[in-house]
Amino acid sequence: MRPSLLLLIVGCLFFGCAGLSAAAEQDSCFTCHEKGLFQDQVVHEPVKSGKCSICHNPHAARYKGLLRFEKGKLCYTCHQEKAESFTKGIVHEPINLHECTACHEPHAASGKGLVARDLKARCLACHGPREENDKIIPGLAEKYKHTHQPYLEGECGACHQPHNSVRPMLLVQAPDELCGSCHAEGELQAKHTGYPGTLRGCLTCHNPHGSDRPALIRNVLHEPYEQGCDSCHEQSSGRVSVEKCGECHAEAFGEMLASHTHLTRRDGNACVNCHSPHAGDEQRLLRARQKQVCAACHRESINKYKNSAFKHGKNIDNCVDCHHQHGGNDMAMLKGNGLEVCALCHENQGKFTHPVGPEVPDPRTGRMITCITCHNPMGTDYPYNLILDGKQQLCVQCHKEY
Amino acid sequence: MRYLMGIRRKAMSQSRRRPAPGMASVHLIAWAFMLLWMGAADRVLASAWTVQLTLMRDTIEDAMIMPSALFIDQEREQYYVVDSGKNRLLSFNRQGALLNVFNAGGALKTPFDMVRTEDGMIWVVEKGRNSLTSIDLLGKKTTPHTLRSREGAVYPHRLETDGEQLFVQDSASGDIIVYDSGLREQQRFVCTECSQGFFDFKVASGKIWALDWLGKSVYVLAMSGTVEMTIRLGDEVTYPVSLALGPGGYLFVLDRHSRQVVVFDPDGAFKYRLLQQGIATGQLYYPVEILFDPWDGMCIVDEGNARVEVYQQ
Numbered sequence: 001m002r003p004s005l006l007l008l009i010v011g012c013l014f015f016g017c018a019g020l021s022a023a024a025e026q027d028s029c030f031t032c033h034e035k036g037l038f039q040d041q042v043v044h045e046p047v048k049s050g051k052c053s054i055c056h057n058p059h060a061a062r063y064k065g066l067l068r069f070e071k072g073k074l075c076y077t078c079h080q081e082k083a084e085s086f087t088k089g090i091v092h093e094p095i096n097l098h099e100c101t102a103c104h105e106p107h108a109a110s111g112k113g114l115v116a117r118d119l120k121a122r123c124l125a126c127h128g129p130r131e132e133n134d135k136i137i138p139g140l141a142e143k144y145k146h147t148h149q150p151y152l153e154g155e156c157g158a159c160h161q162p163h164n165s166v167r168p169m170l171l172v173q174a175p176d177e178l179c180g181s182c183h184a185e186g187e188l189q190a191k192h193t194g195y196p197g198t199l200r201g202c203l204t205c206h207n208p209h210g211s212d213r214p215a216l217i218r219n220v221l222h223e224p225y226e227q228g229c230d231s232c233h234e235q236s237s238g239r240v241s242v243e244k245c246g247e248c249h250a251e252a253f254g255e256m257l258a259s260h261t262h263l264t265r266r267d268g269n270a271c272v273n274c275h276s277p278h279a280g281d282e283q284r285l286l287r288a289r290q291k292q293v294c295a296a297c298h299r300e301s302i303n304k305y306k307n308s309a310f311k312h313g314k315n316i317d318n319c320v321d322c323h324h325q326h327g328g329n330d331m332a333m334l335k336g337n338g339l340e341v342c343a344l345c346h347e348n349q350g351k352f353t354h355p356v357g358p359e360v361p362d363p364r365t366g367r368m369i370t371c372i373t374c375h376n377p378m379g380t381d382y383p384y385n386l387i388l389d390g391k392q393q394l395c396v397q398c399h400k401e402y
Numbered sequence: 001m002r003y004l005m006g007i008r009r010k011a012m013s014q015s016r017r018r019p020a021p022g023m024a025s026v027h028l029i030a031w032a033f034m035l036l037w038m039g040a041a042d043r044v045l046a047s048a049w050t051v052q053l054t055l056m057r058d059t060i061e062d063a064m065i066m067p068s069a070l071f072i073d074q075e076r077e078q079y080y081v082v083d084s085g086k087n088r089l090l091s092f093n094r095q096g097a098l099l100n101v102f103n104a105g106g107a108l109k110t111p112f113d114m115v116r117t118e119d120g121m122i123w124v125v126e127k128g129r130n131s132l133t134s135i136d137l138l139g140k141k142t143t144p145h146t147l148r149s150r151e152g153a154v155y156p157h158r159l160e161t162d163g164e165q166l167f168v169q170d171s172a173s174g175d176i177i178v179y180d181s182g183l184r185e186q187q188r189f190v191c192t193e194c195s196q197g198f199f200d201f202k203v204a205s206g207k208i209w210a211l212d213w214l215g216k217s218v219y220v221l222a223m224s225g226t227v228e229m230t231i232r233l234g235d236e237v238t239y240p241v242s243l244a245l246g247p248g249g250y251l252f253v254l255d256r257h258s259r260q261v262v263v264f265d266p267d268g269a270f271k272y273r274l275l276q277q278g279i280a281t282g283q284l285y286y287p288v289e290i291l292f293d294p295w296d297g298m299c300i301v302d303e304g305n306a307r308v309e310v311y312q313q
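Residue numbers (the working numbering), protein chains in the order written: chain S, 1 to 402; chain G, 1 to 313.
In case anyone wonders, no lab produced these hints; they're calculated from the structure. A few of these clues could be false.
[To be verified] Pairs of lysine-lysine, DSSO-like flavour, derived with a Cα cap of 30 Å:
#  : chain 1 : residue 1 : chain 2 : residue 2
1  : G       : K271      : S       : K88
2  : S       : K135      : S       : K191
3  : S       : K191      : S       : K145
4  : G       : K216      : S       : K304
5  : G       : K86       : S       : K306
6  : S       : K244      : S       : K88
7  : G       : K109      : S       : K82
8  : S       : K244      : G       : K109
9  : S       : K71       : S       : K82
10 : G       : K109      : S       : K88
11 : G       : K216      : S       : K311
12 : S       : K304      : S       : K82
13 : S       : K335      : G       : K271
14 : S       : K304      : S       : K135
15 : G       : K109      : S       : K304
16 : S       : K145      : S       : K71
17 : G       : K86       : S       : K335
[Claimed, not checked] Here are a few chain S residues that face chain G, going by a calculated C-beta distance under 10 Å:
#  : residue
18 : H92
19 : E243
20 : T264
21 : M368
What you are looking at is a predicted structure, and each value in this text was computed from that prediction instead of being measured. Here a beta-carbon is modelled for each residue, glycine too, at the ideal position from N, C-alpha and C.
With the hints as extra help, turn the sequences into a complete structure.
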């Protein structure tokens with residue numbers, strides 16, 4: 001027999017057997033698992049090819065669902081190219097949590113990319129109003145009195161990237177460019193007669209999802225904005241100084257006269273770093289939700305907190321629970337020193353635990369021992385947010401005789 | 001064609017030529033040694049900084065609270081520490097012994113930075129009253145000055161001097177503004193690329209070295225205002241708050257969140273990092289400023305540990 005013919009026969013036998021094996025594997029799984037539950041418009045390739053064992057071990061596994069690997073690693077065993085690209089820029093929280101299945105169906109789905117056709121419902125499961133730590137966290141509504149058309153149609157992907165982006169809110173483009181991609185400049189100019197200069201900062205006035213007001217103007221208007229532009233803007237230059245804001249918001253302005261402040265440049269007015277000067281979704285007229293506003297500059301701190309093994313206990317939803325938002329004379333703009341800020345909630349802690357306070361010096365520095373001598377509320381690798389292992393390593397830093 | 005074949009034959013003959021086995025080992029060892037040495041050199045540099053001096057108060061009652069800046073008077077061989085939490089200035093001699101504690105009769109309100117000009121005048125950034133305050137020690141006179149420029153009120157943050165002029169970093173504009181001793185604006189250094197302007201700067205080698213913390217970049221500006229070089233710090237730093245020009249023209253960047261000093265060579269290439277988080281001597285907690293003294297000491301002001309440590313290589 002000619003060698004080429006022999007090779008052909010062996011090849012056919014091999015691939016035939018492989019096909020048979022996959023088919024046999026799938027048949028075997030579907031004797032118990034109803035096959036119909038694994039079928040939809042789009043079927044995951046291992047399911048389609050009958051290779052359930054790519055993800056599942058049929059006999060025993062360490063992970064729920066008899067998965068071969070933990071959730072963070074399983075998907076990347078095939079989708080290797082995603083592992084690195086998903087570390088760049090601002091990353092969608094489910095990816096940080098290795099929860100690919102928060103958005104994707106593992107077996108089959110009605111939409112492309114194994115995502116349900118009703119993408120909006122899936123997005124709102126996290127981004128809608130929800131209960132967290134016994135509190136109701138406000139979120140996006142399914143529809144508003146006036147709803148932005150793409151949002152109404154469930155086209156979240158028209159504006160947001162699903163995985164990661166270099167821009168806040170995972171936007172696909174810079175906000176003004178993004179608005180301009182649908183709304184022609186001429187059309188916008190016509191609707192903003194009398195606006196000085198080039199139109200910009202759409203999101204300072206408009207809510208991109210929806211609003212109770214026509215033209216998606218955000219629900220809460222800054223009082224001077226209602227009275228007219230001249231209330232704040234200098235007629236000659238159009239600019240608004242920080243001191244102008246301070247004329248009404250004297251308390252906030254006073255807080256900024258501190259050793260550490262958020263008085264930094266931003267279009268000539270530091271207030272608009274965080275606040276929208278014209279309209280907002282709540283009384284403080286913040287540009288976004290509190291954490292998102294802070295994350296615009298302090299993303300690494302927030303990521304460190306999120307990624308810590310042990311975080312500060314529940315009921316801490318906002319950075320401003322512990323930190324001053326405008327300025328302060330304490331470390332990291334905390335609302336007091338390492339004792340005072342913790343005592344805002346932990347009233348009795350210092351009275352029955354390790355001695356702390358002005359009478360108790362740290363032998364390493366001679367400085368007062370405070371809560372943050374041993375704890376880091378921004379999260380650590382040890383229980384109770386201890387900065388080192390509390391079984392021994394932490395204590396012997398000072399108690400060396402033990 | 002024959003020419004091309006000739007080349008090919010030559011290449012083949014070269015590829016077949018092998019060095020003697022003993023010679024190859026020598027080359028290999030030499031290369032390995034060289035690579036090891038090149039890698040180790042940076043590590044040696046990185047590990048060679050040790051604490052020589054600590055500027056602090058010994059008693060818990062009199063401890064500094066949130067020291068924010070250091071000024072070094074080369075002529076008098078003194079260190080001045082700004083104790084922002086206790087509204088005072090402390091002077092130490094070159095050996096680290098406390099010389100004086102000065103609070104201008106209780107007049108200082110959240111002092112943040114200071115310099116002493118050649119005429120003996122002390123200038124203090126007082127954040128609590130948004131003032132650049134002059135202190136005439138001989139005349140025993142303290143005068144707050146609220147600065148204004150054509151852009152509006154100036155909010156001084158960092159302060160440097162070349163001996164005569166005052167270089168003020170303005171938080172509101174992010175610019176560095178140069179004033180003469182009469183507080184007349186002489187010049188303005190603007191960062192057109194930064195979203196938040198400059199955060200810290202040093203005047204060294206006749207240039208301005210300015211840090212854009214949010215953009216994680218350092219700009220080297222000529223005195224004309226022209227940007228001569230931009231150093232992208234990239235992911236080597238997380239939250240850079242201060243910078244200093246060290247020996248050999250190396251750039252030392254203080255990273256507040258990683259509690260490290262990150263060092264770049266004169267071309268802006270990352271070289272190594274120093275120090276670690278902690279409370280013990282030689283560790284950083286919430287560092288806020290880095291600078292070099294004229295005696296090659298690397299000085300780090302640490303708010304969190306309420307001290308200034310001077311490291312020597």
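- Which of the listed hints are not met by the structure? Violated: hints 2, 5, 6, 7, 10, 13, 15, 16 and 18.
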